[in-house]
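> Now for the letters of each chain:
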Amino acid sequence: MFSWLNSYRHPLEEAELSAYLDGRLSPDRSRWLDEHLRSCVPCRRQLADLRTLAEALREMPEAPVPRSFTLTPEQVRGVRRVTPYAPAGRLYPVFRNAAAAALLLLFASVGADIFLESGGGRSEPQGVMLGAEKSMEAEAPSVTGVTAADDEEKSERQAFGENEATPSDSTGALMPPAVPVPAPPGTPLPGAESTPLLVLSPAALETPLPGAGLTPLPDLALAAPGTPPAPEAAPPAAAAEEEEDRVWLRALEGVLVGLALGFLTVAFFVRRRSRRAGTPT
Amino acid sequence: MQDRTADEALLVARSKEGDLAAFNVLVETYQGRVYNLCLRMLASPEAAEDAAQEAFLAAYRNIDRFWGTAFRAWLLRIAVNACTDELRRRRRRPQVSLEAGPAAVDGPLEPPDRSASPEEWALRQEVSRHIQGGLMRLPYDQRAAVVLCDVQGLSYEEIAETLAVSVGTVKSRISRGRARLRRLLLEEAELLPARFRHNIDDRDTEDGAGAPALRRDDV
Numbered sequence: 039m040f041s042w043l044n045s046y047r048h049p050l051e052e053a054e055l056s057a058y059l060d061g062r063l064s065p066d067r068s069r070w071l072d073e074h075l076r077s078c079v080p081c082r083r084q085l086a087d088l089r090t091l092a093e094a095l096r097e098m099p100e101a102p103v104p105r106s107f108t109l110t111p112e113q114v115r116g117v118r119r120v121t122p123y124a125p126a127g128r129l130y131p132v133f134r135n136a137a138a139a140a141l142l143l144l145f146a147s148v149g150a151d152i153f154l155e156s157g158g159g160r161s162e163p164q165g166v167m168l169g170a171e172k173s174m175e176a177e178a179p180s181v182t183g184v185t186a187a188d189d190e191e192k193s194e195r196q197a198f199g200e201n202e203a204t205p206s207d208s209t210g211a212l213m214p215p216a217v218p219v220p221a222p223p224g225t226p227l228p229g230a231e232s233t234p235l236l237v238l239s240p241a242a243l244e245t246p247l248p249g250a251g252l253t254p255l256p257d258l259a260l261a262a263p264g265t266p267p268a269p270e271a272a273p274p275a276a277a278a279e280e281e282e283d284r285v286w287l288r289a290l291e292g293v294l295v296g297l298a299l300g301f302l303t304v305a306f307f308v309r310r311r312s313r314r315a316g317t318p319t
Numbered sequence: 340m341q342d343r344t345a346d347e348a349l350l351v352a353r354s355k356e357g358d359l360a361a362f363n364v365l366v367e368t369y370q371g372r373v374y375n376l377c378l379r380m381l382a383s384p385e386a387a388e389d390a391a392q393e394a395f396l397a398a399y400r401n402i403d404r405f406w407g408t409a410f411r412a413w414l415l416r417i418a419v420n421a422c423t424d425e426l427r428r429r430r431r432r433p434q435v436s437l438e439a440g441p442a443a444v445d446g447p448l449e450p451p452d453r454s455a456s457p458e459e460w461a462l463r464q465e466v467s468r469h470i471q472g473g474l475m476r477l478p479y480d481q482r483a484a485v486v487l488c489d490v491q492g493l494s495y496e497e498i499a500e501t502l503a504v505s506v507g508t509v510k511s512r513i514s515r516g517r518a519r520l521r522r523l524l525l526e527e528a529e530l531l532p533a534r535f536r537h538n539i540d541d542r543d544t545e546d547g548a549g550a551p552a553l554r555r556d557d558v
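Protein chains in written order, with this note's numbering: chain U, 39 to 319; chain A, 340 to 558.
Errors might be hidden in some of the hints.
Restraint-style ranges between C-beta atoms, simulated for each label pair [as the list claims (entries may be wrong)]:
#	chain 1	residue 1	chain 2	residue 2	range
1	U	Ala289	A	Arg427	44 to 50 Å
2	A	Glu356	U	Pro65	45 to 51 Å
3	U	Val117	A	Ala345	43 to 49 Å
4	U	Pro65	A	Glu496	15 to 21 Å
5	U	Leu299	A	Asp424	34 to 40 Å
6	A	Thr408	U	Arg105	28 to 34 Å
7	A	Asp424	U	Val114	17 to 23 Å
8	U	Phe153	A	Ser494	57 to 63 Å
9	A	Gly357	U	Phe153	57 to 63 Å
10	A	Arg428	U	Gly116	41 to 47 Å
11	A	Tyr479	U	Val79	32 to 38 Å
12	U	Gly292	A	Glu367	57 to 63 Å
13	A	Gly371	U	Pro65	33 to 39 Å
14	A	Ala348	U	Leu142	50 to 56 Å
Taking beta-carbon pairs under 10 Å as the criterion, some of the chain U residues facing chain A (in silico) [what the hints assert, rightly or not]:
#	residue
15	Ala53
16	Asp60
17	Ala92
18	Phe307
These are computed hints drawn from the structure, not numbers from a lab. Each residue gets a CB set at the ideal place from its N, CA and C atoms; glycine is no exception.
Please put together the full structure from these sequences, using the hints given.
And the structure:
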């Protein structure tokens, strides 16, 4: 009465019976199924059915071809041969070498990173800083510029949640104390709106990387009109630049790691594909 | 076997150089297999003929992309793809009904084994007609796997190569295809010739020996 249940009693066996029939079951499972078949009538029947079915399929008469399918020159004349895939012999080294190049650059940038870490490359940023001063003077009128800049600085620091008394920036120890000129809050000076970019150092303007916003403080303090760029003020600026360089390098390293992995992966697949038969669409 | 592979490699190489005669030797070698694959996949002689022709043209077009040694699997893959296209085309313009096909498939054929008796031949025709009908009701992927495995006698590995799937996938498609085909055939078991319709008592005493049968009571 409930005979229809039979075929659903051994779902796992049903999946395995087919492989068993073709001798494609692992020895373990095969032995297990041998044992199971000895005691399980439904599975035995099912196996017998599958065997009959496979036999019947094999015995399906082979139809003779209705005509020859050989191609005539006329059939082929208009046919454009599909260009072969670029032989892997050419493509594989391209990707392999690209991966190698990316890795070399990665080592170079790690080297530069270590160089910066050990305190090299201090002298370069001077010129950039002077440029910063010039552009600032050009944009901001003398006195309002100071207050605007300081205002900006203040809000900037507040925005970063920094305590004004104890600058938490890593360069803070070297930085001259930035004394904010008290300006009446709520009365924005005309220069304030036009010079918001002042909070960013020129290098940061060129390369708006995350974290670059943390560095402008020394620049601002230095570039304020009336305080000529003192030679002893250079190290903090250089430190900020270095910090920036390092952020840059980290990003570069990340990109290079990605590129190297990407090229290696492509090279791997190109090579693997070349070993298999070419596949038409 | 080794010879065949070597000859084939030579013919493929010459085909790549544009030697149509060499390519046609390959066509003659495989056209029976390709046509029969198409016939089992499409169940219509006309559709199978179109698909087979299309497959050989596509093979000629793409011969430069063939890279490796498994030419048969490569060619059969093209044939399976050609069948997919043909099926799609016919579905879009259904003036030729594939559903009407199965009955006609084996009709005009000559018995391949002339030593078989007419009765045996008729029986096999009848059975294969039912099986073809069942095949057509399988999902395309399972149909391809079952046809390649049981009708064409390919190994799991070669089927995997042909269908561009893993051996595990092939195994599962064959398994599910066969199981489903079995159920479909059991549904119309009454229509099957006596040999495939033993009654229950036979089977239980026989214990699977002798001619096993598709059983309705298992469904």
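> Please go over all the hints and tell whether each is borne out by the structure.
So, going through the hints one by one against the coordinates:
1. U:Ala289 / A:Arg427: 44 to 50 Å: holds, 49 Å
2. A:Glu356 / U:Pro65: 45 to 51 Å: Roughly 48 Å apart at Cβ, these two residues keep to the hinted range, so it holds.
3. U:Val117 / A:Ala345: 43 to 49 Å: violated, 28 Å
4. U:Pro65 / A:Glu496: 15 to 21 Å: With a Cβ separation near 19 Å, Pro65 (chain U) and Glu496 (chain A) satisfy 15 to 21 Å, so the hint holds.
5. U:Leu299 / A:Asp424: 34 to 40 Å: The hinted range 34 to 40 Å holds for Leu299 (chain U) and Asp424 (chain A), with Cβ atoms some 38 Å apart.
6. A:Thr408 / U:Arg105: 28 to 34 Å: holds, 30 Å
7. A:Asp424 / U:Val114: 17 to 23 Å: Since the Cβ atoms of Asp424 (chain A) and Val114 (chain U) sit about 20 Å apart, the hinted range of 17 to 23 Å holds.
8. U:Phe153 / A:Ser494: 57 to 63 Å: holds, 60 Å
9. A:Gly357 / U:Phe153: 57 to 63 Å: holds, 60 Å
10. A:Arg428 / U:Gly116: 41 to 47 Å: violated, 20 Å
11. A:Tyr479 / U:Val79: 32 to 38 Å: holds, 34 Å
12. U:Gly292 / A:Glu367: 57 to 63 Å: holds, 59 Å
13. A:Gly371 / U:Pro65: 33 to 39 Å: Taking Cβ atoms as reference, Gly371 (chain A) and Pro65 (chain U) lie about 37 Å apart, which means the hint holds.
14. A:Ala348 / U:Leu142: 50 to 56 Å: Violated, at about 40 Å.
15. Ala53: At about 5 Å, which falls below the 10 Å cut-off, the nearest Cβ of chain A leaves the hint on Ala53 (chain U) intact, so it holds.
16. Asp60: holds, 7 Å
17. Ala92: Holds - the Cβ of Ala92 (chain U) comes within 10 Å of chain A, reaching about 5 Å at its closest.
18. Phe307: violated, 14 Å
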